[in-house]
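S.K.: Here's the letter readout for the chains.
2 protein chains.
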Amino acid sequence: MLLKVKMLGIDSSGKPAVFLNKQDADDLGITSSGRVQVNSKGTTVTAIVNITSFVKKGFVVVSEEIHRRLDLKRSDAVDVSVAAFPKSLQFIRNKLAGKKLLYDEVHEIVKDVVGGNLNESEVAAFVTALHIQELDLDEATNLASSMVQTGKRLNLDAKTIVDKHSVGGVPGDKTTLLVVPIIAAAGLVIPKTSSRAITSAGGTADRAEVLMPVDLDINEMKNVVKKCNGCIVWGGSLDLAPADDIFVKVEYSLSIDPLLLPSIMSKKKAVGATHLVIDIPVGRGAKIKTIGEADLLAKDAIELGRRLGINSHCLVTYGEQPLGHAIGPSLEAKEALEVLMNKSSMPDLVDKACHLAGAIFEMMGKKSGYDIAKEILQAGKAEKKLREIISLQGGNPNIQPDDLTIGKHDLQVRAKNSGRVLWMDNNLLVSVARAAGAPKDKGAGIIFNKKRGNKVKKGEILYTVYSEKSRKLSRVEEILRLENPIGVGDRMEMLIHKVKEAPVVKRSFMLER
Amino acid sequence: MLLKVKMLGIDSSGKPAVFLNKQDADDLGITSSGRVQVNSKGTTVTAIVNITSFVKKGFVVVSEEIHRRLDLKRSDAVDVSVAAFPKSLQFIRNKLAGKKLLYDEVHEIVKDVVGGNLNESEVAAFVTALHIQELDLDEATNLASSMVQTGKRLNLDAKTIVDKHSVGGVPGDKTTLLVVPIIAAAGLVIPKTSSRAITSAGGTADRAEVLMPVDLDINEMKNVVKKCNGCIVWGGSLDLAPADDIFVKVEYSLSIDPLLLPSIMSKKKAVGATHLVIDIPVGRGAKIKTIGEADLLAKDAIELGRRLGINSHCLVTYGEQPLGHAIGPSLEAKEALEVLMNKSSMPDLVDKACHLAGAIFEMMGKKSGYDIAKEILQAGKAEKKLREIISLQGGNPNIQPDDLTIGKHDLQVRAKNSGRVLWMDNNLLVSVARAAGAPKDKGAGIIFNKKRGNKVKKGEILYTVYSEKSRKLSRVEEILRLENPIGVGDRMEMLIHKVKEAPVVKRSFMLER
Numbered sequence: 021m022l023l024k025v026k027m028l029g030i031d032s033s034g035k036p037a038v039f040l041n042k043q044d045a046d047d048l049g050i051t052s053s054g055r056v057q058v059n060s061k062g063t064t065v066t067a068i069v070n071i072t073s074f075v076k077k078g079f080v081v082v083s084e085e086i087h088r089r090l091d092l093k094r095s096d097a098v099d100v101s102v103a104a105f106p107k108s109l110q111f112i113r114n115k116l117a118g119k120k121l122l123y124d125e126v127h128e129i130v131k132d133v134v135g136g137n138l139n140e141s142e143v144a145a146f147v148t149a150l151h152i153q154e155l156d157l158d159e160a161t162n163l164a165s166s167m168v169q170t171g172k173r174l175n176l177d178a179k180t181i182v183d184k185h186s187v188g189g190v191p192g193d194k195t196t197l198l199v200v201p202i203i204a205a206a207g208l209v210i211p212k213t214s215s216r217a218i219t220s221a222g223g224t225a226d227r228a229e230v231l232m233p234v235d236l237d238i239n240e241m242k243n244v245v246k247k248c249n250g251c252i253v254w255g256g257s258l259d260l261a262p263a264d265d266i267f268v269k270v271e272y273s274l275s276i277d278p279l280l281l282p283s284i285m286s287k288k289k290a291v292g293a294t295h296l297v298i299d300i301p302v303g304r305g306a307k308i309k310t311i312g313e314a315d316l317l318a319k320d321a322i323e324l325g326r327r328l329g330i331n332s333h334c335l336v337t338y339g340e341q342p343l344g345h346a347i348g349p350s351l352e353a354k355e356a357l358e359v360l361m362n363k364s365s366m367p368d369l370v371d372k373a374c375h376l377a378g379a380i381f382e383m384m385g386k387k388s389g390y391d392i393a394k395e396i397l398q399a400g401k402a403e404k405k406l407r408e409i410i411s412l413q414g415g416n417p418n419i420q421p422d423d424l425t426i427g428k429h430d431l432q433v434r435a436k437n438s439g440r441v442l443w444m445d446n447n448l449l450v451s452v453a454r455a456a457g458a459p460k461d462k463g464a465g466i467i468f469n470k471k472r473g474n475k476v477k478k479g480e481i482l483y484t485v486y487s488e489k490s491r492k493l494s495r496v497e498e499i500l501r502l503e504n505p506i507g508v509g510d511r512m513e514m515l516i517h518k519v520k521e522a523p524v525v526k527r528s529f530m531l532e533r
Numbered sequence: 021m022l023l024k025v026k027m028l029g030i031d032s033s034g035k036p037a038v039f040l041n042k043q044d045a046d047d048l049g050i051t052s053s054g055r056v057q058v059n060s061k062g063t064t065v066t067a068i069v070n071i072t073s074f075v076k077k078g079f080v081v082v083s084e085e086i087h088r089r090l091d092l093k094r095s096d097a098v099d100v101s102v103a104a105f106p107k108s109l110q111f112i113r114n115k116l117a118g119k120k121l122l123y124d125e126v127h128e129i130v131k132d133v134v135g136g137n138l139n140e141s142e143v144a145a146f147v148t149a150l151h152i153q154e155l156d157l158d159e160a161t162n163l164a165s166s167m168v169q170t171g172k173r174l175n176l177d178a179k180t181i182v183d184k185h186s187v188g189g190v191p192g193d194k195t196t197l198l199v200v201p202i203i204a205a206a207g208l209v210i211p212k213t214s215s216r217a218i219t220s221a222g223g224t225a226d227r228a229e230v231l232m233p234v235d236l237d238i239n240e241m242k243n244v245v246k247k248c249n250g251c252i253v254w255g256g257s258l259d260l261a262p263a264d265d266i267f268v269k270v271e272y273s274l275s276i277d278p279l280l281l282p283s284i285m286s287k288k289k290a291v292g293a294t295h296l297v298i299d300i301p302v303g304r305g306a307k308i309k310t311i312g313e314a315d316l317l318a319k320d321a322i323e324l325g326r327r328l329g330i331n332s333h334c335l336v337t338y339g340e341q342p343l344g345h346a347i348g349p350s351l352e353a354k355e356a357l358e359v360l361m362n363k364s365s366m367p368d369l370v371d372k373a374c375h376l377a378g379a380i381f382e383m384m385g386k387k388s389g390y391d392i393a394k395e396i397l398q399a400g401k402a403e404k405k406l407r408e409i410i411s412l413q414g415g416n417p418n419i420q421p422d423d424l425t426i427g428k429h430d431l432q433v434r435a436k437n438s439g440r441v442l443w444m445d446n447n448l449l450v451s452v453a454r455a456a457g458a459p460k461d462k463g464a465g466i467i468f469n470k471k472r473g474n475k476v477k478k479g480e481i482l483y484t485v486y487s488e489k490s491r492k493l494s495r496v497e498e499i500l501r502l503e504n505p506i507g508v509g510d511r512m513e514m515l516i517h518k519v520k521e522a523p524v525v526k527r528s529f530m531l532e533r
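For the record, the sequence lines run as chains A and B. Going by this note's numbering, the first sequence runs without a break in its numbering and finishes at 533. Going by this note's numbering, the second sequence runs without a break in its numbering and finishes at 533.
So here's chain A without its partners, still in its complex pose (with noise of 0.2 angstroms):
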């Protein structure tokens, strides 16, 4: 069927899609989110259907990659015809059938998935099939290997790349900040990646960008590198792995994770990473809940990393209370900017960051790794080696702890009663720095007065909130009057709540990368 060319500016997340006249559609025998082959000039693009009444009858209207792929001009006719159903989408139903998926199987879905052939529905049924039938260790290369071959790589000159990851879900979590520069001041290449903020009050990105600029492309990341041996970039933009983005999509929304290895793994890849060290906080209010868990989990991670031939290690880190004193991007740059700079003794943060780094010198074929990153953090070279790479990504390599904007709005939250901190609810502190801002609002965060295990006496402060509006600050107001995030008392009440009618359950999700 010949139609007249519109274009409108609609990019559709970078995927060819067309819209149609219903009358059109049912023309061609086509429904919403089937899939159309649009011919012009002997090229073929196969793009998804919406069907809308803003086009008129006799009119298609393209996203930008069909304009861009097929090069065409306003008022064009191209040929619209229906395609066939993709060859992946057998393979998701046998995936659906429980069946196991071979490498070719899994790599024509990848390939479809980023190539915009697989509709949401159908990409979201893979993901909770993977989720529901679970996928075996071959799968879960499968999936990594293909992940890195239809995105970019980053190709670096280096024998050893080192890198390091944490799979989330402590608050706070400002280690990156300390362990690149550490690593890259004892002069191992470390081409850091890391992701804003989905869940949580603040991702590595986002912490790092209020210091330098982290939206590098890949060539000015590798320049960096290159010159200082590490870097601490937004993976978002480099198209590493390109598939793992709309799969978490699908994931956000469901609250599910079955990528959370292949996904890792598949970024660590792409950037040529040989040894790795894989930090899994355990606990209460952690992604993960129990040691056995992170145990299985590193299982997997190491045996997943010996087949892409990344020499990996983790650490079960202890996640049942925030890191450090502060949540909220500028409040956890700052507070890294002070460790480094040896103004502030932040002893678990430090202890964490030592721990990490020390792993990748021990794997390095260092004894006491820990040490060697306490030495060089405390010599000041971490420092030093910060500011260069802040230097290079375009930042001011002088910035000082004071220079960051914290929030003006602040709301002191006092002891109810004296005794000792017993617990430290993490999603509800999330919730809490969310409500005043964070991550998006940079100033927006908590300082912690007390921790785990803190003696308070009654009407001391316990935390305080900032917020860049007052308006946001009544909204954590409105939270803190329904529930208390941290809990001060002599002794743990032995009860935890009554059940009387089917509960809401108040599942908390961490979904990180």
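Treat the hints with care, since some could be wrong.
Repeated chains share a single entry, so a pair holds when one copy, or any two copies, can fit it.
Computed list of lysine to any residue pairs in SDA-like fashion (alpha-carbon distance at most 20 angstroms, straight line) [unchecked claim]:
#1 Lys35 - Thr72
#2 Lys35 - Ser53
#3 Lys246 - Lys309
#4 Lys460 - Leu424
#5 Lys492 - Glu85
#6 Lys471 - Gly507
#7 Lys77 - Lys107
#8 Lys77 - Leu28
#9 Lys26 - Phe74
#10 Lys460 - Ser364
#11 Lys460 - Ser257
#12 Lys131 - Thr484
#13 Lys460 - Tyr272
Since the hints were derived computationally from the structure, they do not count as laboratory data.
Start from chain A and add chain B according to the hints.
M.R.: Frame of chain A, contents of chain B only:
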């Protein structure tokens, strides 16, 4: 966030949807497929988010549904804010985890599906989870009830309302065109709604439309039934169990059908059926492959009917070849009309129609239902009743078989050898009829000269393909060059096929409602 409204006549299948600029979406902290609340003058609508570059910063394009519900005018400003995840998502997650869903949970999901509060991925995940985890009879009952409650209902003042349904899969099955007038002629009320083809060469609505208008609204339908006891209308625009139309879209592209029984039963309950006969065709090339499978389905259907207050019987019927001698809307309507007029004997079609109608009579306490049906048919009472229905639905009551337009272009296919017809490939025959233009081109289809068991001489015509366009007939020729839909020989060949490498699975899938 206050945004200026733009309307572009986007209907988004009647769902509330908004189109935002990327920057506004980022400022709101929302991604594509997320949900926002749109508030205007105190009224709030939840809408699914689309992010596009064709909307300028500070503007929001709203779908017609929002336009209508908020009574918006061009350049009104609306307040857009992030909406919480709907509660139903938690229930979908529970099903993903293999948990049984309770009534309130099912109802919440169905309500949100119909209300457009769940995006495509979430609906797909739900349908996928139902397919993999399966639904038990309690869940099926709750689904059917919720699907009824979230749609319109037909309220006839009749104590007994009968209905007939086929799970589908047999090409050329025009039984309904006979059963409805037979039943209505006997004085029973049968408010029959039918669907158009999804994967077949013609649905009952497509066939009936050749004889009369079928897109009546619910009041028109009611009037027809009140006047003559029966009708044959298209169910698609009646808004009976509308959730099903949304589920079907997902099921189609994934070739799964977990909602088969709730779907059938909800549509029957919505028209107030008290007695129901379900046809389950069985055989290679039919939807249900084995008699055992059919009996299991029948068992569930009967129990589901019992719970919903619909007395249900099932007939397991022979489905290994097309029914009658015609496939395609006009050819089938013609065949049905000729049989009703006793101008043609079509033993298999008549046999099946009389068994189905007879089963209904027997449910009403009559004996020898089959004979009653046959008598009504042979006495011409069913023809008279059909003409009454045609007239009341707005068609020409004097329509004759020869008035129906058949495709001008034809292709006669002759036997390449002598023997008997050993098999007819239902799926391939449907592909041929669809390639010829059916169901869209009403005059396209196939007429069979021979069926299973018939003796054939080399060179005799096996079947003729009709098409309205010679271009489409060329596509048929291409298909027939590669594949043969009818096997002629002395005995079945032993080898079905060889498998020397991973085979491309050619699973047929029939999705009909």
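S.K.: Now tell me if each hint is right for this structure.
M.R.: Cross-check of the supplied hints:
Taking identical chains as interchangeable, the C-alpha atoms of Lys35 and Thr72 lie at most 20 angstroms apart whether they share a chain (18 angstroms) or sit on different chains (12 angstroms). Proximity of Lys35 and Ser53 under a CA criterion of 20 angstroms is satisfied in both settings, with 13 angstroms inside one chain copy and 15 angstroms between copies. Taking the shortest alpha-carbon separations for Lys246 and Lys309, neither the intra-copy value of 39 angstroms nor the inter-copy value of 64 angstroms comes in at or below 20 angstroms. In the homo-oligomer, the alpha carbons of Lys460 and Leu424 lie at most 20 angstroms apart inside one protomer (15 angstroms), although the nearest pairing across protomers, at 66 angstroms, exceeds that limit.
Taking the shortest Cα distances, Lys492 and Glu85 never come within 20 angstroms of each other, neither inside one copy (39 angstroms) nor across copies (31 angstroms). In this homomeric assembly, Lys471 and Gly507 come within 20 angstroms of each other (Cα to Cα) only inside a single copy, at 10 angstroms, whereas the closest approach across copies is 80 angstroms. Proximity of Lys77 and Lys107 under a CA criterion of 20 angstroms is satisfied in neither setting, with 31 angstroms inside one chain copy and 39 angstroms between copies. Proximity of Lys77 and Leu28 under a CA criterion of 20 angstroms is satisfied in both settings, with 16 angstroms inside one chain copy and 15 angstroms between copies.
For the homomeric pair Lys26 and Phe74, the shortest alpha-carbon distances inside one copy (11 angstroms) and between copies (13 angstroms) are both at most 20 angstroms. Within a single copy, Lys460 and Ser364 get their C-alpha atoms no closer than 26 angstroms, and across copies no closer than 75 angstroms, so neither meets the 20 angstroms cut-off. Proximity of Lys460 to Ser257 under the C-alpha cut-off of 20 angstroms is restricted to the intra-copy arrangement: shortest distance 18 angstroms within a copy versus 45 angstroms between copies. Taking CA atoms no more than 20 angstroms apart as the test, Lys131 paired with Thr484 passes in neither setting, with 48 angstroms inside one copy and 42 angstroms between copies.
Taking the shortest Cα distances, Lys460 and Tyr272 sit within 20 angstroms of each other inside one copy (18 angstroms), while across copies they are farther apart (40 angstroms).
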